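**Q** Full structure from sequences and hints, please.
Residue numbers (this note's numbering): 307 to 615.
Among the clues, some could well be false.
[Unchecked claim] Capping the alpha-carbon separation at 35 Å, the derived lysine-lysine pairs in DSBU-like fashion look like this:
(1) Lys-387 - Lys-544
(2) Lys-349 - Lys-587
(3) Lys-387 - Lys-364
(4) Lys-364 - Lys-311
(5) Lys-349 - Lys-312
(6) Lys-550 - Lys-587
(7) Lys-349 - Lys-544
These are calculated hints, taken from the structure and not from any lab test.
Since this is a predicted model, take the numbers as computed values, not measurements.
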Amino acid sequence: MSNKKKILVLLACRNGANWIREQLDTILAQQDVHISLLIQDDKSSDGTPAIIADYATKHPERVTVRLNEVGTGSAGANFRKLIAQADFSGFDYVALADQDDIWYLDKMSRAISALQNTGALGYSAAVTAIWPNGKERLLGQSPRTRELDFIFEGAGQGCTFVLPVAVMNNVQLFCRQHAAALAEFHFHDWLIYILVRTNGGLWHFDPAPAMRYRQHDNNDMGARGGLAGLKRRVALIKQGWYIKQLVIALNIFRLAGGHGRRAMALDALLQSSPSLSRRLKLSELSFNHGRRRFSDRSVLALFALLGWF
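**A** Below, the structure written as structure tokens:
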């Protein structure tokens with residue numbers, strides 16, 4: 307009888323025909339683990355449904371496909387629906403996957419070893435961003451956590467997340483019970499990080515890249531250093547999108563049983579009227595409580611000071 311750990315990989319896709327075959331091949335080829343794939347397509351208008359149907363036909367015991375009759379409108383919403391409706395019974399771990407990356411073949415076995423050796427309840431890893439022109443860049447992760455870092459940001463690329471099934475059972479229950487509260491929260495992976503950290507769970511940040519992270523015009527966010535991605539982030543922040551995400555993140559924290567003096571102070575600050583004092587305090591908090599590199603935290607602190615969120 308095999309002692310390989312059983313992993314359910316959740317893949318939410320939409321219009322990924324140009325890349326999804328390579329992604330599926332590297333998932334199914336993972337070493338030293340038993341992989342099952344649950345794929346949910348969000349009303350693709352290209353050849354994606356036919357491709358994933360072909361994989362389900364060729365691998366009927368390993369690949370299951372679902373087609374949304376009505377599009378959810380975003381990758382995060384598609385993932386939340388997938389998480390809420392998945393059957394995790396019989397699996398040891400749950401992993402998340404995008405439709406366009408290239409996994410290293412030891413991605414899952416490394417993640418499981420890290421979770422077992424550290425006792426962490428969540429895992430994410432660095433990635434190697436790749437561009438069509440051949441450019442490559444390592445996107446590392448800071449292992450340092452702060453008291454409220456999970457309110458200000460997630461734990462890196464969600465396509466590297468691996469969690470014990472008991473943790474994902476709790477995430478699933480939360481998604482089912484609080485669907486309305488999550489409707490406008492953009493990131494499914496940030497949600498998972500909040501739920502793990504709110505209740506004191508340890509998170510493991512792997513400094514070694516676990517996959518090749520493809521960059522193209524259809525990325526939801528993409529590599530933080532790209533000019534197009536930077537412009538998109540700045541525009542969203544100026545429109546009030548980021549401050550709205552912070553308010554929802556704090557509400558998730560409360561709904562999950564979180565409490566604490568600093569969190570309450572941040573909540574009061576976010577609800578307060580615009581003022582110089584508010585901008586200064588938000589600037590200080592966003593700089594001191596983020597996990598990102600110094601330059602990223604500095605830019606976010608500057609935006610807060612300018613009153614952009």
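**Q** Determine for every hint whether it applies to the structure shown.
**A** Structure-based check of each hint:
no.	hint	verdict
1	Lys-387 - Lys-544	29 Å, holds
2	Lys-349 - Lys-587	43 Å, violated
3	Lys-387 - Lys-364	25 Å, holds
4	Lys-364 - Lys-311	22 Å, holds
5	Lys-349 - Lys-312	29 Å, holds
6	Lys-550 - Lys-587	17 Å, holds
7	Lys-349 - Lys-544	30 Å, holds
Checked against the numbered hints above, the structure violates only hint 2.
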